[in-house]
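Can you build the whole structure from these sequences, using the hints too?
This is what each chain is made of:
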Amino acid sequence: MEWTDDAYVLAARAHGEAGAIVDLLTESRGRYVAHVAGGASRRMKPFLQPGARVIVGYRSRTSEQLGSAQLEPVGEGPSALFDDPLALAGLSAAAAVAQGALPEREAHPGAFLAFEALTLALTHAEIWPAVFVRFEAGLLEELGFGLDFSRCAATGSTDDLIWVSPKSGRAVSREAGEPYRDRLLALPPFLLSAQGGLRAGDVGAGLALTAHFLELNVFNPLNRPLPPSRVWLVDKLTEAGRL
Amino acid sequence: MASSAGPEIERLISLLSKLPGMGPRSARRATLALLKKRDQLMNPLAQAMAEAAERVRPCSNCGALDTRDPCAICSDPERDRTLICVVEEAGALWAMERVGAFRGRYHVLGGLLSALDGIGPDALKVSELVGRVGQGEVAEVILALPATVDGQTTAHYLTDRLAASGVAVTSLARGVPVGGELDWLDDGTIAQALRARRPA
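First to last, the sequence lines map onto chains P and D.
Under our numbering, the first residue of the first sequence carries the number 1, and numbering increases by one thereafter.
Under our numbering, the first residue of the second sequence carries the number 244, and numbering increases by one thereafter.
I should point out that these hints are in silico values taken from the structure, not numbers from a laboratory.
The structure presented is a predicted model; accordingly, all values stated were derived computationally and were not measured.
A virtual CB, placed ideally from N, CA and C, is assigned to each residue, including glycine.
Quick list of in silico lysine-lysine cross-link-like pairs, DSBU-like style, CA-CA up to 35 Å:
no.: 1; chain 1: D; residue 1: LYS261; chain 2: P; residue 2: LYS45
no.: 2; chain 1: D; residue 1: LYS280; chain 2: D; residue 2: LYS261
no.: 3; chain 1: D; residue 1: LYS279; chain 2: D; residue 2: LYS261
no.: 4; chain 1: P; residue 1: LYS45; chain 2: D; residue 2: LYS368
no.: 5; chain 1: D; residue 1: LYS368; chain 2: D; residue 2: LYS261
Sample of chain D residues with no beta-carbon within 12 Å of chain P, all distances over it, derived:
no.: 6; residue: ARG281
no.: 7; residue: ALA293
no.: 8; residue: ARG324
The following block contains the structure:
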């Protein structure tokens with residue numbers, strides 16, 4: 001089995017003295033784990049970081065075994081974010097959520113594109129938290145748990161959608177949701193339309209929304225909590241007054 | 244695997260092969276060398292290892308490894324008590340000491356914050372660092388942490404934690420290494436070096 005693909009490094013851990021086991025999000029083959037010989041070397045270490053863009057050359061004798069990969073770095077990678085603690089937290093959280101949520105060896109090109117969009121946005125401090133919410137919503141959709149904001153689940157109306165049902169993930173209009181407002185999740189306008197604009201509290205509402213459905217549909221069935229870095233991200237954004 | 248050596252030798256080979264840089268073959272060669280130089284090498288090495296195992300402990304002040312507590316660096320009156328250099332592990336401290344360019348004291352964190360591995364501040368010696376800085380003697384904390392996502396996340400966390408103390412918090416420069424040629428450097432290092440350029 002031999003292929004080449006574009007990928008992002010999601011995680012890397014040392015294997016033996018010189019190698020590394022690297023978790024990759026590839027463009028056309030989804031998440032792949034591979035052994036990288038010389039991964040602990042001075043030459044390789046700089047790009048075996050979460051969020052680093054690489055070209056992967058993957059090889060394995062059989063399709064079942066853990067293959068070996070050769071990585072070629074593309075671009076600057078996460079070092080561009082080293083001076084921005086919030087963006088670093090966002091990158092770590094995105095890598096951990098993708099690593100925890102995506103099954104191995106299942107093609108999810110949408111997840112790759114969403115991750116790419118987020119990594120490109122991370123240098124823009126004002127917008128990336130909203131892009132992070134869209135990334136997680138995109139991840140849910142890729143995994144078959146897409147949220148449906150097209151019309152009200154109760155009335156079919158397409159106007160004034162401000163809530164989301166915590167069970168179905170479908171939008172609910174202001175009027176239909178009013179009696180149940182304590183039990184519904186807020187739907188920030190930027191998730192309805194790119195022109196929705198960002199108001200105070202929207203990113204927080206969006207992060208709460210995607211966290212709820214990631215837990216409900218992805219992490220709870222795996223008997224795992226949300227990744228700690230995802231929790232820390234919300235804490236850091238709260239501390240920074242960004243939610 | 245059938246062995247022609249006795250169990251004592253096999254045990255020695257097995258233990259040596261667990262050391263960094265050693266595999267079974269090099270462990271066999273090392274064992275043979277030790278047995279050939281019993282008086283010059285093997286017995287002194289065994290004695291040195293026994294003494295180290297018995298006496299070396301982390302310094303209760305900075306976390307460095309030493310037979311004394313406080314360690315030789317912490318108890319050296321010639322060291323600048325207003326400077327603390329924060330490093331990840333004792334290996335990084337030894338690297339800094341090898342250079343000989345730093346005359347302050349150290350603080351060994353014992354690891355890095357790792358979002359992916361779920362390693363939080365409680366697993367590191369962060370509160371001990373804040374406590375040392377809070378004693379009032381320290382004027383500057385130098386963060387000598389790896390230029391990795393985890394290293395820089397830890398650096399930002401420490402900067403936040405130390406902000407209230409009022410001490411200057413600095414970090415090591417990132418960029419072109421001595422002897423580094425640009426066409427061999429990774430893109431990230433070149434970009435960092437460009438951003439950190441200074442008047443020539």
